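Q: Please construct the entire structure, taking both the sequences and the accompanying hints into account.
In our numbering, the protein residues as written are 50 to 155.
There could be a bad hint or two in this list.
Once the Cα atoms are required to be at most 27 Å apart in a straight line, the calculated DSS-like pairs of lysine-lysine come out as [stated by the list, open to error]: (1) Lys137 - Lys125; (2) Lys87 - Lys137; (3) Lys72 - Lys87; (4) Lys72 - Lys91; (5) Lys87 - Lys70; (6) Lys125 - Lys91; (7) Lys91 - Lys137; (8) Lys137 - Lys70; (9) Lys72 - Lys137; (10) Lys87 - Lys125; (11) Lys70 - Lys91.
It should be emphasised that the hints constitute simulated quantities derived from the structure, not laboratory data.
Everything numeric in this text was worked out from a predicted model, so none of it was measured.
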Amino acid sequence: MGEYGHRYGTPEFSVELENGKIKAIQVRRGAPCGASWKALDKLIDMEADAAAIRYGLDVQFNCSADPAGWDPLWGKSPVHLAADVHFKALQRAIRQARRREADGHE
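A: Laid out in structure tokens, this is it:
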């Protein structure tokens, strides 16, 4: 998949925290529709756990998938699945940032 596969796919982020709040976020890999990038604007300076929840919701508003296209395997619309996937990916990046911060690497 080359550069496309490197840039687009299952979301992956790098997060910097300061006093428990989001200081910076980098999208390492995101959704091809652009929702991974578009939904980041409001997260800077938010408390990290609240930011992860907010991000999942905002991804739904920026996702170009058909919300009526219910997936029988997942039991969700693609928009809701996108929200869950992005929420969990950001949570993972926040956990990694907290570990780095605790280890004194941030």
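Q: Now tell me, hint by hint, if it's right for this structure.
A: Here is how each hint holds up against the structure:
1. Lys137 - Lys125: holds, 16 Å
2. Lys87 - Lys137: holds, 17 Å
3. Lys72 - Lys87: holds, 17 Å
4. Lys72 - Lys91: holds, 12 Å
5. Lys87 - Lys70: holds, 19 Å
6. Lys125 - Lys91: holds, 26 Å
7. Lys91 - Lys137: holds, 18 Å
8. Lys137 - Lys70: holds, 17 Å
9. Lys72 - Lys137: holds, 19 Å
10. Lys87 - Lys125: Satisfied, since the Cα-Cα distance of roughly 22 Å is no more than 27 Å.
11. Lys70 - Lys91: holds, 12 Å
Going down the numbered hints, you'll see the structure goes against none, and every one checks out.
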